[in-house]
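Peer 1: One-letter residues, chain by chain:
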Amino acid sequence: MRTIGYIIQKEFIQIFRDRFMPKIIFLVPLLQLLILSYTATFEIKQTRIVILDNDHSVESRKLISLFQGSRFFSCSLDVEGMEVAERLINTRKVHQVLVIPHGFERTMINREPVTIQLITDAVDGSAGALRSAYAQSIVQRYSLDINTRVTGLDIKPPLVATWSFWYNPELHYTTFMVPGILVLLVTIIGLFLTGINLVREKEMGTIEQINVTPIRKIQFIAGKLIPFWIIGLIELTFGLILAHFFFDVPILGNPAIIYLVAAIYLVLIMGIGLIISTVSDTQQQSMFISWFFLVLFILMSGLFTPAESMPAWAQIFNRINPIAYFIQVIRLVMLKGSGLADVSHQVISLSIYAVASIVIAVRRYRKTS
Amino acid sequence: MECRVRSDYNIRLMIRISDVEKHFGDVTALDKVTLSVQRGELFGLIGPDGAGKTTLLRIIASLMIPDAGSTLVAGHDVVKDFAKIRQMVGYMPGRFSLYQDLSVLENITFFASIFKTTLEENYDLIRDIYVQIEPFKHRQAGKLSGGMKQKLALCCALVHRPELLILDEPTTGVDAVSRIEFWDILNRLKAMGITIIVSTPYMDEASLCERIALIQGGHLLSIDTPAAVAASFPHSLFSVKTDNFFLLLTHLREWSATFSAYSFGEYVHFTPTSETITERDIMSFLVEKGHSETHVTKTQPTIEDSFMYLMMKKQNQYAG
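So the sequences go chain by chain: A and B.
My numbering runs 203 ahead of the 1-based position in the first sequence.
My numbering runs 7 ahead of the 1-based position in the second sequence.
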C-alpha cells in the first residue's frame, strides 16, 4: 500500500512538472466545452430561399409574405428563371428554391389542387431535413388559410396535435450537448493520458529500472491509474460546475449517481488505455490506436446523432460501447432526474465491463520480456 | 544432502549460469552460455557491440526469460524466484533509465522508498558517489551531464544495498577522467563486499576486473583472469610499422606466412602461421614489397590480441 502511495506521489510530481500536461488536463477541456457546446448545434438559424413567382398574383404574394414574415427565412424574389436559381443552389449561395407555378391563384380559386415545387440543398442531411420541414409548415399554414377564404367556411383541421418537449422544453442544444461533452472530457483523460503515460515509461526506458525493483505489477498499475482516476473526477466536477452555472444546464438528479458512474467508467476506460499501452511501443502508436477507438465510440455513441436511428448492427455494437452507456446515464440523471434504479442496467453493464477490461489489462501487462 | 549443495553454492557462487540460450527470431543472441561468478568478485563481460552482453545481463537481472538453460543468482532461479532476485540486485542499464523530469534527490528517494529503505540508511555505501552529485540534488536528472547521470544511476542502483550490482556498459560515452573515477568507485564497492558484474566494449577496462569473460556473437570465447587471458595467446606476436600503413596491412594480409594481421593503434599486430618466422623474415618481406622505415619487434600479447585470436579461431571453426 505504501509503495502505491510512493508511485502516486511520483506521478503527480511528474504531471505537474510537465510543461504540457497541466494545460492538457485543465485548459483543453475548458476550451472544448466552450467551443463544442456553442458550435455543435442542430438549430438552423437562417435559410436563404429563392422564390420564383411565375404567377404574380395576390395569392402568390400572400404565400411569399408568409415566408418573408418568418425569422428563419431570408427571401430573394428577383432571381430570373429556374436556371439561375439552380446555379445559386449548386454554388451553395442559397439553401432552398420555391417555385410557384403560373396559374397558381386561378387553379386554387377553381378549387383544384395545386402543386408547388420546393427544392432543398441536402448536402448536409439533417440541416436539409429541418429546412424542408420549416418551409412545409409555412405552406401548410397558408393552405389552411386559403381553404377558409375560398370556401368561406372556417374549416378546422380534423386532427391537431399540440406538443411539448419534456426535459428540454425549449430544445436547447447546449442542454443536450453539454452532458455528452462532459463524457468526452472524462474519456480523453482516461484513455489518452493513461495510455501515453504508460508508454512513455517504455519509450524513455524508465520501465527497465522499475521492472528490476520488487514493485509488483498490480502496485505499479494501481499507482499509475489512480492519479488519472482522481484527475478525471476533478475534471468532471469542473465540467459539471461550468455546465450548471455557465450553460444553465439543469442537474435534476443526484450528482452522486453521476460520480458513481464516472468512477466505474474511468476504471473501464483506463483499462482500455492500459491494454492499448501494452500493444504499443511509442507514444505516437498509443495515440493513433486511442484515436481510432475514441472516434469509433463517439460517432456511434449517440452524442451527435441519435443512436436509435442507427442500423441494427450498430445498435448491437453500442452494447459494448462504454461511451454510449455513460452518455445515456449522464443525460438521464442531469436532464430527467433519473434515480439509481432507472440507470441500474447501465451501471451493471459498465461495472462488468470495467472489471473485464482491468483484468485483461493487468494480465496482458508484462514485467519481463 | 540437497540442502547442503544449495548452501554451498550460496557461499561460493553469486551467479551460476548453465547452457543458457536466447533467440530473437532467427538471431541467436546467446548460444549455450555457461559462466560462474564468485561472491565478492569484480567480473567483466568484454565484447563488441551486439555480442550478447546486454542480453546476458538482463537475464541475470530477471528482466528477460532465457529460452533454455538455467540461471541461479545466490541460489535463486531467475525465472521462478524473480521476486527474491529483485530484492538483492542493483541494475544499471546501458541507457540512462531514471526519471529525467524528477530531480536527483527525488529519483534517489523514489527508488529508496520502493525498496522500503531511505538514503540515510545506506548512506555509508553511496556517500562517496553521492557527495559528487549533491551540489545538483535539486536539478532535474535530464539536465545533468553524462558523468553526473552515470553517478546518479549508480546511486539509485545501490540505494537498497544490493548484494549483486549489474552494470551494463557504464562507461560507454563517458570521458576518460570520469571512466577512471568510475572504476575507482567500483573497486571501493567491491571492497565493501558487493559482487559486481560489469560489461564493457573497451579492452583496456578488462584488465581492471578480477576475472573476465570474452563474448562474441553469443558465444563465450574465454573465461579467466585478465593476465591469464592475455597469456593464453598461443603464438608469437610482432608489432610492425612502416612508412605506408595502409599498404602494410594489405601486403601482410596477402602474405602466405600470415595467420593474422590487424591494426593496433599506430602499429599492425602480426602473427605468423609458423613459429620459425622471425623479425628478419618479416623485415625482408616488407622491404621486398617496397616499404621503408620498417620497424618489427616481438611484443607481449594483450587481452585484445587474445580476443582477436579467439574470435578468428571461432570464425575459422565455423568456416571449416
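No wet-lab data here; the hints were simulated from the structure.
From a predicted model like this one, the values you see are computed outputs, not experimental measurements.
Cβ atoms here follow ideal geometry from the backbone N, Cα and C, with glycine treated the same way.
Mixed in with the good hints, there may be bad ones.
As the list claims (entries may be wrong) - Ranges between beta-carbon positions, derived for each pair:
#1 B:ARG168 / A:GLN487: 37 to 43 Å
#2 A:MET490 / B:ASP84: 57 to 63 Å
#3 A:ILE454 / B:GLY32: 55 to 61 Å
#4 A:ARG220 / B:THR257: 17 to 23 Å
#5 B:GLU141 / A:GLN212: 21 to 27 Å
#6 A:ASP221 / B:GLU141: 39 to 45 Å
#7 B:HIS242 / A:ARG569: 36 to 42 Å
#8 A:ALA517 / B:GLY32: 28 to 34 Å
#9 A:MET224 / B:PHE252: 54 to 60 Å
To be verified - Here are the simulated BS3-like cross-link-like pairs (lysine-lysine), alpha carbons at most 27 Å apart as the crow flies:
#10 B:LYS197 / B:LYS248
#11 A:LYS420 / B:LYS197
#12 B:LYS144 / B:LYS123
#13 B:LYS150 / A:LYS405
#14 B:LYS144 / A:LYS405
#15 B:LYS156 / A:LYS405
#16 B:LYS123 / A:LYS420
#17 A:LYS405 / B:LYS123
#18 B:LYS150 / A:LYS226
#19 B:LYS123 / B:LYS91
#20 A:LYS405 / B:LYS87
Peer 1: Indicate, hint by hint, whether the structure satisfies it.
Peer 2: Hints versus structure:
| no. | hint | result |
| --- | --- | --- |
| 1 | B:ARG168 / A:GLN487: 37 to 43 Å | holds (40 Å) |
| 2 | A:MET490 / B:ASP84: 57 to 63 Å | violated (39 Å) |
| 3 | A:ILE454 / B:GLY32: 55 to 61 Å | holds (57 Å) |
| 4 | A:ARG220 / B:THR257: 17 to 23 Å | violated (58 Å) |
| 5 | B:GLU141 / A:GLN212: 21 to 27 Å | holds (22 Å) |
| 6 | A:ASP221 / B:GLU141: 39 to 45 Å | violated (26 Å) |
| 7 | B:HIS242 / A:ARG569: 36 to 42 Å | violated (49 Å) |
| 8 | A:ALA517 / B:GLY32: 28 to 34 Å | violated (41 Å) |
| 9 | A:MET224 / B:PHE252: 54 to 60 Å | holds (56 Å) |
| 10 | B:LYS197 / B:LYS248 | violated (41 Å) |
| 11 | A:LYS420 / B:LYS197 | violated (32 Å) |
| 12 | B:LYS144 / B:LYS123 | holds (21 Å) |
| 13 | B:LYS150 / A:LYS405 | holds (20 Å) |
| 14 | B:LYS144 / A:LYS405 | holds (25 Å) |
| 15 | B:LYS156 / A:LYS405 | holds (19 Å) |
| 16 | B:LYS123 / A:LYS420 | holds (16 Å) |
| 17 | A:LYS405 / B:LYS123 | holds (24 Å) |
| 18 | B:LYS150 / A:LYS226 | holds (23 Å) |
| 19 | B:LYS123 / B:LYS91 | holds (14 Å) |
| 20 | A:LYS405 / B:LYS87 | holds (24 Å) |
The structure shown violates the earlier hints numbered 2, 4, 6, 7, 8, 10 and 11.
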